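K.L.:
What follows is the residue order along each chain.
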Amino acid sequence: MIALEGVSVGIGGAPILRDVSLALEAGRILGLVGESGSGKSMTALSVIRLLPQGAALGGRVLLEGRELTALSERQMCAVRGAEVGMIFQEPMTALNPVQCIGDQVAETLLVHGAAGRSEAASIARERLGRVGLSPDRFPLGRYPHELSGGQRQRVCIALAVALRPKLLIADEPTTALDVTTQAQILSLIRELVREEGMACLFITHDLAVVAEMADEVAVMKAGEVVEHGATAGLLREMRHPYTRALFEASRHRPERAVRETGTPLLEVREAVRDYPLRRSRLFGPRPSFRAVDGVSLTLARGESLGLVGESGCGKSTLTRAILGLEALQGGEIRLDGAEVAPGMPAELRRRMQVVFQDPYGSFNPRHRVGRILSEPFHLTGRPEDAEARIAEVLRDVGLRAEDAEKFPHEFSGGQRQRIAIARALITRPELIVLDEAVSALDVSIRAQILDLLADLQARFGLSYLFISHDLTVVRAITDRVLVMRAGKIVEAGPTEAVFSAPEHAYTRELLAAAPVLPAA
Amino acid sequence: MVHYAATRLVSLALSLIAASLVIFAVVEVIPGDPAAYMLGLNASPEAVEALRRDLGLTGGLVERYLSWAGGMLRGDFGTSYTYRVPVAELVVQRLGVSLPLALYALALSTLIALPIGMLAAARRGRAVDYGIMGVTQLGIAVPNFWFAMLLVVLLAITWQVFPAGGFPGWDAGVGPALRALTLPAVALALPQASILARVMRSALIDTLGQDYIRTARAKGLSEGQAIRNHGVRNALIPVLTIIGLQFSFLLAGAIIIEKVFFLPGLGLLIFQGITQRDLVVVESVVMLLVFAVIVVTFLVDLAYAAVDPRLRHGR
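In order, the protein sequences belong to chains A and B. All residue numbers in the first sequence are consecutive under the numbering used here, ending with 524. All residue numbers in the second sequence are consecutive under the numbering used here, ending with 447.
Bound-form chain A, shown alone:
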């Protein structure tokens, strides 16, 4: 039904896609997997011809025998939205914030002249109902900011399928969502494809998702399709070494030497954190929202403790309190017996460092790596041997001493995360808080960083507080795990025990929702 024949894309002479040939059938899902930069999204964008400016497209894309690549821009506009629908990764920003959801869905119908205004509104209501936003709970006049991420993605799906297109392209549609929401969106897409007889091109970096979703899989690397076949067979045989490497990296578990001493390093007792909300009346009492509600935890020296939970459960708030960035409204936090609070002494801060998800955002782009790494010295005073210390931590994280002279943009994402780890290490801390520290990385890079973290822990006797929404990663690197929901810890215990025999209903729900790779 839809065929890509020898599609190639080049930007400024550099090849981005090379000879990509794929075929999609009605009612079936083709999964396109690969790491960032492998050309997955470019393949999708060349089907709907929304490539970045200056990109040269070669080869042919055929939709039921019609050559899309030969159409004019005006003709292409008539195809987009009507015959090919597309949904994207970021539901939070994919909708126009100043237009209500009904109008945004109805626009698809109006722009193609498929319905008049009132008819478009009633079709929009029906389509929104179909994707699970029933009109009585979600009237057409709602605005995107009144909806959660999962609900917004449902709106995006509704407007992409409003005209019952022949092809639905889904570009990482659940990457930004929580696991339970992800499971719902995935099953919605699967149902729609089956019921409406659409073909679906499903792009993801996550092999487990593709294993659950796709009838067929194509694996991409450096702009080429390296392996292509029916999902079950491909995952069983994995003929191409790259497929095998991706698979291994996805389920990688670093070798960890457990060296628990049992003496507590970090103690949180009955921590409470309230946020003031807006007054509902001008002079009424100020309501507040309890983001962290009586949380207690203990982290021993040399231990790795995982903290999992979905967005909005309070884990970031708890993290900021543990780092001593925000004051508590109740309870206490102690690091090696000393109280942690916003005004705590620099020496205490030195012993506790943090690594965030997006290192690039936390580096000043105009500073050289050496200066970035020496920043934490304001806690200790610049030591005599600062240069040597910088060279040493760079080598510790697998970079070279010469890298201190470079700027952050000269590094890849994985290398930047190494720099962020080096910056955390330079004050010789005892506790490192890893806040979604590997969540933005490709699986192969993620595996390397996990190995690095395990190695550093063994060498320096570090304790980790590992915060993540990704259950696989938490399972791979932690000794104990805490499950957080709505500001409370609902389950705690040794990682393997919690994962293999969850006690709390919510933990079971989380584990059931997470897609799993079939055993090799």
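Keep in mind that the hints were calculated from the coordinates and are not lab data. Everything numeric in this text was worked out from a predicted model, so none of it was measured. Careful: at least some of the hints might be erroneous.
[What the hints assert, rightly or not] To give an idea of the chain B side of the interface with chain A (calculated C-beta under 10 angstroms), a few residues: (1) 190; (2) 206; (3) 290; (4) 292; (5) 342; (6) 345; (7) 352; (8) 353; (9) 442.
Note that CB positions come from ideal geometry on N, CA and C, so glycine has one too.
Position chain B relative to chain A; hints supplied.
P.N.:
Frame of chain A; chain B shown alone:
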């Protein structure tokens, strides 16, 4: 929405009170006696004393402030020392010229700027865009009185389409009055339109990189449709801010243009008030301008909320 408007109104009232206190204090802290200052060095003590009574400078500080502020609330702005007429009367006369002129210029500037800004954004990086950027750069760099003189030479002297200056008053009919205001309004509007067009262009270009524009394109909208249906409204917030600032400027900042076209406007009134040491006029007109700026800011705030639903819910 009501909550939002109510909080804005409260802050409006508080700003007015703060402004009146500052203006009152400035007149108070001018060294020496305002009455003596206004009458000059050679005034007789009796004359100074009489003026002090006229100005309401007798009595305690709080009492004087309350009587001044209370008078303004009742529409009594005092009596001009130089013109010997109530200031309220003077101001109303002058507003009859300045307010229509400011609105006329603002309307022209907005009508010129928004389409040009949209065109430049839609054709960004191409010849049309470079042309518009060059012309608007010129429009910002060239002072408005030079435009004014050029307009007078061309349209009033050579072709005699519009009068070269003066104002017949609204009694002479709307047509002649508007004709008299046209050239000054155009001269005022050109630099403002240049600034506004550039703001519109860059705000629109910012929105064009957003994900929702990509969503719109994937729905089948052409680039032009995506800009019109989704870009423009999102780009309006910075544009509204600039429009608000421009109105405040146009109301009192037109003094040079008023001079070029012999228009009896507010700008000239306040300038004469300052040069003739007529503190009563200065005090009142400044208060009036502050009031105008605050009201315009309030209207701009309401416009923000009309444009962006997120503000209505107070986020």
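K.L.:
Against which earlier hints does the structure fall short, listed by number upward?
P.N.:
Hint check: 1, 2, 3 and 4 fail, others pass.
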